[in-house]
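**Q** This is what each chain is made of:
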Amino acid sequence: MPTQRFFDQVENLPTGTAPISLERDFRDQNASGLIEKRSGDKSLKILVFAGGIPAGAYKLTGNLSRVISLADFSTIEVEADENIRTVRLPDLAGRMVWLALESQAQKTFNCQGENSWEIQLNDWLREGWSGLIEIRLGNCHGFALFWDGKPQENEVLFSTAAGFVTGFDLMKNEPDKLYEVTAFAFVPTSQAYQCVILRRGVTHWSNRVLGRYQELVGQKLLQAMNRELNQAMRPWKWNISFQDNLMVDAHFFPYTQAAAHAYRALFMDMGAQMSFVIGNNLTQRILNEAFEQLRPDECAALQAQRLIPAAFSE
Amino acid sequence: MIKPGYLPRFSPRRILWISAAVSVLWIVVIAWVNAAEPFAAGWNDWILGILNLIASLAAAVAAVVVAGQFQRKDEPHRVWLNFAIGLCCWVAGELSGLAYGAFSSSDYYPDFSLIDFFWISGYFFLGLSLYHQFNLVQGVQKKRGLLLYLGLIALALAATAGLSNLALGSGLGAGHSWIILFVTILYPVFDLTEGAIALRLSFLFGRGRWSRPWWGLILFALADGVDSFYWLGGYEWISAGAQTALNTVSVIVYTASYLVAGLALLINYFILRYGKASGLFKSGRETGLENPGQSQNE
Chain D
1 MPTQRFFDQV ENLPTGTAPI SLERDFRDQN ASGLIEKRSG DKSLKILVFA GGIPAGAYKL
61 TGNLSRVISL ADFSTIEVEA DENIRTVRLP DLAGRMVWLA LESQAQKTFN CQGENSWEIQ
121 LNDWLREGWS GLIEIRLGNC HGFALFWDGK PQENEVLFST AAGFVTGFDL MKNEPDKLYE
181 VTAFAFVPTS QAYQCVILRR GVTHWSNRVL GRYQELVGQK LLQAMNRELN QAMRPWKWNI
241 SFQDNLMVDA HFFPYTQAAA HAYRALFMDM GAQMSFVIGN NLTQRILNEA FEQLRPDECA
301 ALQAQRLIPA AFSE
Chain W
315 MIKPGYLPRF SPRRILWISA AVSVLWIVVI AWVNAAEPFA AGWNDWILGI LNLIASLAAA
375 VAAVVVAGQF QRKDEPHRVW LNFAIGLCCW VAGELSGLAY GAFSSSDYYP DFSLIDFFWI
435 SGYFFLGLSL YHQFNLVQGV QKKRGLLLYL GLIALALAAT AGLSNLALGS GLGAGHSWII
495 LFVTILYPVF DLTEGAIALR LSFLFGRGRW SRPWWGLILF ALADGVDSFY WLGGYEWISA
555 GAQTALNTVS VIVYTASYLV AGLALLINYF ILRYGKASGL FKSGRETGLE NPGQSQNE
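Residue numbers (our numbering), protein chains in the order written: chain D, 1 to 314; chain W, 315 to 612.
There's no promise every hint is true.
[Stated by the list, open to error] With a Cα cut of at most 30 angstroms, we get these calculated BS3-like pairs of lysine-lysine:
#1 590/W to 237/D
#2 150/D to 387/W
#3 590/W to 387/W
#4 107/D to 42/D
#5 172/D to 107/D
#6 172/D to 150/D
[Said to hold, decoys possible] So these bits of chain W aren't anywhere near chain D, every CB distance computed over 10 angstroms:
#7 414
#8 473
#9 491
#10 522
#11 552
#12 564
In case anyone wonders, no lab produced these hints; they're calculated from the structure. Even glycine gets a Cβ: it sits at the ideal position worked out from N, Cα and C.
Work out the full structure, taking the sequences as your base and the hints as a guide.
**A** Shown next as structure tokens:
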């Protein structure tokens, strides 16, 4: 990982105040983002915030990221204001950085032209590769999550001078530019990966359930349920939404327990509403059938949090 | 683009209570007319026919409005459209039955009348509705095309034709034409098949609101079962009192089948049209979404 700032297009928040108060600002405003400190040894120390909660602190040397304690981070002295950077990030961007910091850089390579990018995408697809890629493209910097060889919808994000954009359209628009790509392998024991696999499992599970429910009851009742779920979630300020038969989870949960709490509540609400319309038997059956179609590691992650079909029908 | 749910002008819950009360009253009147025969000869049957026609019309209208709540691309559209067409055919069957009674100068009915045509068409479309619903429940991978349904219908018709030939050969139905025997056997075959599938679906949907319109078909199969029992000569083995009781049950259950289907469809219509604003969703159990006071990150 190059020792460069993440998302350097994002405007730096004023750093005139003491670092400790910057941390307090994140907490007070439930904001996601990061604080970067460059100290004398030229390494970069990063503190990542998830909705106001510190998700982790890291020391970044070259491509190597190492976890440091929050206390160590707070006590790092910086010589000048320009050596400290504080940026607010959307949840999606914050959790991508967090995942990159908790993963292992596998390889860095350059790609130029649409063809070489297509070849690379096909290679990943053929291998069924799962991991995170970081892309630097001119003045843009982004991340994309790959799962089973495919880039995941709603998990591809670029920071540009004009703000954050999702999807690969940016690369399609500038096919001849040189991309610098770093591929990261997940570290299965890391909290960030645990959250990813839980999120992928829940998203895949709910999308299949919503699809089957739509088949049985039609678009209108599905929309009614989506509306209800979106409304019930609003007070919690979870950055999760249901649209048609898709669940879009853009929330930055710093712990699997916090994510599991949200997912459990959503599935319980979903199960209760489905049971009312199509009955318990069918609800249970749909939940079971969709669960059985998940990858074994996704199933294991869900089971570890007691997110199982039997828990969500009456 | 479907607009978000909005508030109904009249409370659906109130409309349903009134409809349920009217339905109960309807059944009481049917039972009374059937048992007391308070009108002059002929008029009792005529009034029962009118009451059944209105009940069937109410169920058909409810089915049409439910079907209208789905977009064509919606999978359940096929289910409820065929259900509505089936019920409309039965309304036409009830109407043509009344018309034959009113305009025919004698008790003569043709071997295969318009009434039979409508009834059989009704069975065809209601069967198709059950078929689509069953396939939807079974899942996309097991979804089958219309051709298989037509094949099953052809098989049922062939089996019924075989049974009719067998019956004629063994001297049953003497004095009646083959087509009368065929239709007489066909009805219980359809009743039994559709009743069994509706029962299966009803169990699959359990206590869900989607199970209830099928209850109407189950009741209809029950009411027709009594008729089949009569045609098969079952009345010879039971007492006169039991015969009267069975007749009464048959008359009441027959009307109830329309009313139950109609009420269930009306509930589904309100749920589809107004969603949670219909007030028909039960208050949710504790799901963990009710108390945002405690931080989710604790």
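**Q** Return the numbers of the hints above that this structure violates; sort them in rising order.
**A** 10
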